[in-house]
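Following the hints, position chain G against chain P.
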Amino acid sequence: MTQISKAYYKLILALAVVGGILLAVVFVGIILDVTIRTVGFNSLQWYSAVAEYSLFFCTMFAAPYLVRHKGHVVVESLRLVLPPILRNVLAKVVYAVCILLSLLFVYYGLLEVIDAIKTGEEDLRSIDMPKWLLMVPFPIGFSLVAIEFLRYLLGFDTYYSDKVGSGESI
Amino acid sequence: MELLTEWYSIAGFLVGMIVVLMLLGFPVAFAFLTTNIIGAAIFMGDGTILSSLDAMPLLVSNAVDSVAMFALIPVPLFIIMGELFFHSGLAVRVFDALDRCFGRLPGRLSYITVAGGTIFATLSGSTMANTAMMGALMVPEMTNRGYKGHMSMGPILGTGGLAMIIPPSALAVLLASLAEIDIGGLLIAGILPGLTLAVLYSILIYVQVKIDPDAAPEYTVEKSTVREMIWSLIVNVLPMGFIIFCVIGLILLGIATPTEAAGFGALGVMILAVFFRVLTVDVLVKSFAGALRVTGMVLLIILASTTFSQLLAFSGASAGMIEWATRVDVAPITILLIMFGVLLVLGMFMDQVSMMLLTVPIFFPLAESLQFDLVWFGLIMLLALEISLTTPPFGLLLFVMVAVAPKGTTLWQVAKAAAPYICCAFIVLVLLIVFPELALYLPSLMRN
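Protein chains in written order, with this note's numbering: chain P, 45 to 214; chain G, 2 to 449.
Hints were generated in silico from the structure; no laboratory data involved.
Here the structure is a predicted model, which is why all the values come from computation and not from measurement.
Check the hints yourself; a few may be wrong.
Unchecked claim - Keeping only pairs whose Cα atoms sit at most 25 Å apart, straight-line, the calculated DSS-like set for lysine-lysine is:
hint, chain 1, residue 1, chain 2, residue 2
1, G, Lys-408, G, Lys-211
2, G, Lys-287, P, Lys-114
3, G, Lys-408, G, Lys-149
4, P, Lys-50, G, Lys-211
5, P, Lys-162, P, Lys-136
6, P, Lys-54, P, Lys-114
7, G, Lys-287, P, Lys-54
8, G, Lys-149, G, Lys-417
9, P, Lys-114, P, Lys-162
Isolated chain G, as found in the complex:
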């Protein structure tokens, strides 16, 4: 116990214990709960197991307050919205319409993936659902057409992560709630960087096709007249603007709070599903069941981790780190890059929610002490989380892709396909550091 006197040893002990327990195979929520009890014994009691029991009433009462929070309501609502969007088949209609519009453009299916994925990102809050859906829909088609792995899986992995940045994003809401920053601001801040990333992906595809035209062989496409294209877009894509309006429009216009907009986003999808006659009881049941599964999992982790951030504060780890960061003679940007690097390393074996809960109580006070704009910093953090989803060996999206890719596809092949897209995300990181307005311009408009 004598060793646990300095902030770095305390923080290292608490964070390290969670990481070790996770690696031993504890469900994430239980890794947090175990650490809370042991941490409470050491830092709130006299170090004996019995003294940890003194903290149990605190842990129990924390449990209610940690999840019975109005700020967390958009999380299930955005998940319901995404589940409805996928289960109702509205997502497939978007792809079909885009398919008509790209003509015989070299690499057309890769472009369609980026365009469709970007639209999906604005209609669904779930990165995993986006990637699984696009993977199942596009990879078999691209494989049949002779597309090489990096042209088929790469764009899907890249655009799958866009859902985390482009609003509505359930993870962005969660991050903003945990860090107690402006939820609407963080959601809106993701629009321009997200679109920039989509444009960079398109440029990347163009370059890849130029270098190796055989990577995406041309094939005969049933020709559509301009009239057919426009009609298809009007019928299948334009109505999706209604959903985007329900979420982003209502927030930007100041009519609805992000929480309320999340509900209206889900309602928007329902109305469209009714309009297209695809809303059935089965779709509703599947969507709510899927939403409950993800919500229950995420909220239990939040419930378990709340005491963890209190432990960090109580033990002096948070205050010690902030004092160190403000005293040490290192440029703030270096500390930012260190935090970014830590997230990338954690992302190699941890899911995004766990990473947030582990790092938010440490990183946000640190960012505040370095006088970073917290919305901007939140977006940087989301970008790191997005990149970490596709970093080997354990990025979650890599596994989603292996599951939906043709048999025999290895994790290494998937990771190689993702690499150039990760580079694009790093370019956006540099742009955000050099031009913070890229993230902060739209939120400033909203505030005005």
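Excised from the complex, chain P in its bound form:
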């Protein structure tokens, strides 16, 4: 069991690392694009599409890691005035709803992927990308998010710090 959970955590971490690398690609790409354009060559036609896709991919790839590390913002002010038992019940309800929502998105995301494979639809931007490839991170991300909330529901950990004040922001 420990081995599985370790391997599973490595998967989440690896996806987050891919997300970080994609951010680096966005950063390096924009510098290259402007530099090439400024010295008189044609700008990188593919860059804008790659950067846009990267934003979506890194959102989906970082999502499970952020759930594990309590990185998605929550407001804890009302919870704190509730008695501990009610607080726990409320937390379980929140986890259950989040799991349900995530599974809905996994299901409908998969339907979109299958549909895109069948129709061969492409996302037309500065590069044409098969739509299924673009959509795949969606069910992957949300299925891992569902598992992460399941961990909380089963009592392995709690998402809440039980302190006033919320998480990170810009």
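Relative to chain P, chain G alone:
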């Protein structure tokens, strides 16, 4: 369902549901997603849960389009820039240099905080990072020197929020992208009001020290010669001008778009870090990890909230509100102040990104119908967001400050220290209303 026929009941229902879900402890993104599904069932289906499933394909395809947007690229880039600036230690060098230059001026550490915070605001797009950094650096020093709470925490809370107004500001970019207004214009519009606010903070410190000199006791400072001061500024502060040029200069000169300038800002910090020999693999990893954390969180909220604004439009709430606002016999300024007040109230328990996503689809069409300049209105909104960061009981910066302040500091003490600085922000609000040019002069130069 019969109750949900008027625009105010629809808007109240949708906004209220998100607020209630947030208060129940739903992660913000999931509060939006839940509301979207229930809202879709009511306004796009026949009100049954099953009919909400009909809207799911729309929600899924919206998800990609909402974040795969070129206009959002400056958000992670400005965050990378700020993270690099703090993790590389360049920020500390700025403070050290300023420390040499203020001599034995009464309240010197408070002034240094305002000067350093203003410089940080131009080098980092993150309000939270600014406040945490300045709090950790300056509060222990000020406490050791016998500074009272309002002289140590107040300037940090005030200048921490400047990062939201003075460019580059990741929140300004986000606001402009969501509201579909001129990103460069909004960034540049923040320069003069931001500097005005910094000047008001300095005047406030001067007055506070005059009233109570013991609040910031004088102490012996190692004397620096003029030559040492100038050299320290040349070595540690002047190079930061390169970063400012990379961002603001390139936008003003029309060489780079705000998106591209964000990338060059981050590159500028990297080049300086190489120059100062502080760029390590560890710094890069920490900076990109920090940027991913904030970017992932913000973009998931955006992903979740896009359908929300469509729901507001589809249900007729947005159109109803605009029709009401243009018909009602109230001065536009009153509606502006109501919107400002709503933001302040929301800011008492909500983070800035969530507030934006909740209010932009309602406020901007309203502002447009009242014929406000949208860049000017965007800046007013940023000012409200900045103030709300420090309003008790749940302003985010108050908690950042409690976390880095000496043990035993209460939230009430922090809030009291912030109060005079909030007053300064209100003065800037009045100035912006009376003299809109304060915000619009520089963007007009850029357009010309």
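Hints, one by one, checked against the model:
1. G/Lys-408 / G/Lys-211: Distance ~28 Å between G/Lys-408 and G/Lys-211 Cα, so the pair is violated.
2. G/Lys-287 / P/Lys-114: 18 Å, holds
3. G/Lys-408 / G/Lys-149: Given that 25 Å is the threshold and the Cα spacing comes to 14 Å, the pair holds.
4. P/Lys-50 / G/Lys-211: Violated, at roughly 61 Å.
5. P/Lys-162 / P/Lys-136: Violated, because 39 Å separates the two Cα atoms, which is more than 25 Å.
6. P/Lys-54 / P/Lys-114: 17 Å, holds
7. G/Lys-287 / P/Lys-54: Holds: G/Lys-287 and P/Lys-54 sit about 18 Å apart, inside 25 Å.
8. G/Lys-149 / G/Lys-417: Holds: G/Lys-149 and G/Lys-417 sit about 12 Å apart, inside 25 Å.
9. P/Lys-114 / P/Lys-162: Violated, because 38 Å separates the two Cα atoms, which is more than 25 Å.
In summary, the numbered hints that this structure violates are 1, 4, 5 and 9.
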